[in-house]
Amino acid sequence: AQSVTQLGSHVSVSEGALVLLRCNYSSSVPPYLFWYVQYPNQGLQLLLKYTTGATLVKGINGFEAEFKKSETSFHLTKPSAHMSDAAEYFCAVSSTGTASKLTFGTGTRLQVTL
Amino acid sequence: EPEVTQTPSHQVTQMGQEVILRCVPISNHLYFYWYRQILGQKVEFLVSFYNNEISEKSEIFDDQFSVERPDGSNFTLKIRSTKLEDSAMYFCASRELPGELFFGEGSRLTVL
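Going line by line, the protein sequences match chains A and B.
Yeah, the first sequence ends on 252 if you go by the numbering used here, and it's all consecutive.
Yeah, the second sequence ends on 202 if you go by the numbering used here, and it's all consecutive.
Warning: the hint list may mix true and false statements.
Taking lysine to any residue and the SDA-like style, the derived pairs with C-alpha atoms no more than 25 Å apart in a straight line are [claimed, not checked]: (1) A:K206 - B:E190; (2) B:K132 - A:S164; (3) B:K132 - A:G197; (4) B:K132 - B:D176; (5) A:K207 - A:Y163; (6) B:K132 - A:L186; (7) A:K196 - A:H148.
Pairwise CB distance ranges, derived in the manner of DEER restraints [stated by the list, open to error]: (8) B:R170 - A:P217: 43 to 51 Å; (9) B:S163 - A:E153: 39 to 47 Å; (10) A:T251 - B:K168: 42 to 50 Å; (11) B:E143 - A:T251: 47 to 55 Å.
Only some residues are given here: those of chain A computed to face chain B with a beta carbon under 10 Å [as the list claims (entries may be wrong)]: (12) Q144; (13) F172; (14) Q176; (15) N179; (16) Q180; (17) L184; (18) F228; (19) A230; (20) F242; (21) G243; (22) T244.
Just so you know, these hints were derived from the structure itself, not from any lab.
Cβ atoms here follow ideal geometry from the backbone N, Cα and C, with glycine treated the same way.
This is chain A alone, in the form it adopts within the complex (with noise of 0.2 Å):
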């Protein structure tokens, strides 16, 4: 079984601030890891997606994560929050099975104040 716990269901960053949204995870055969991005109204955007190998993923619009399997987490971060970023983001797993699902946590609300 797995399961993803995104602390923090709310986080509020000033505009140029570093952003940093994290994700822990649960999965007893290794696992890859995704961040979505869902902007209002409109479906699941990838971000940025771990595998397997370099375990610092860099995605779009400047965002980046990194696997640290001893850590059992996944954080997504970005130096500098845009006002474009404001939005709902999801961190899922998934087994490397051919079938397997992803399962997502609950989100982060993020918002980027002036």
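Place chain B on chain A using the hints.
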């Protein structure tokens, strides 16, 4: 760029009515999924489909739900007799290989 398309974008129905949500996955993808998101809640897995059969389903996916790939391109979710609590955004997704899912824009279902 290939994308998953879903219709309708929004459907309003009366409780007890049948609803069919349609999806056209990316053409070379082999694995298909339906997820739902009740307003303000997390995205929940409903069902996965591979090789013309259900490979996994969640507790949510009870006898009121069914999926079908009728013609090799469409992937449909049918809710036989809708309930108020079925009101949600329904997302279709597909993938080729283990890993990233590509999601559609969603179909918002409102049950009155």
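Discussion item. Name the hints, by number, that the structure is in violation of.
Written reply: none
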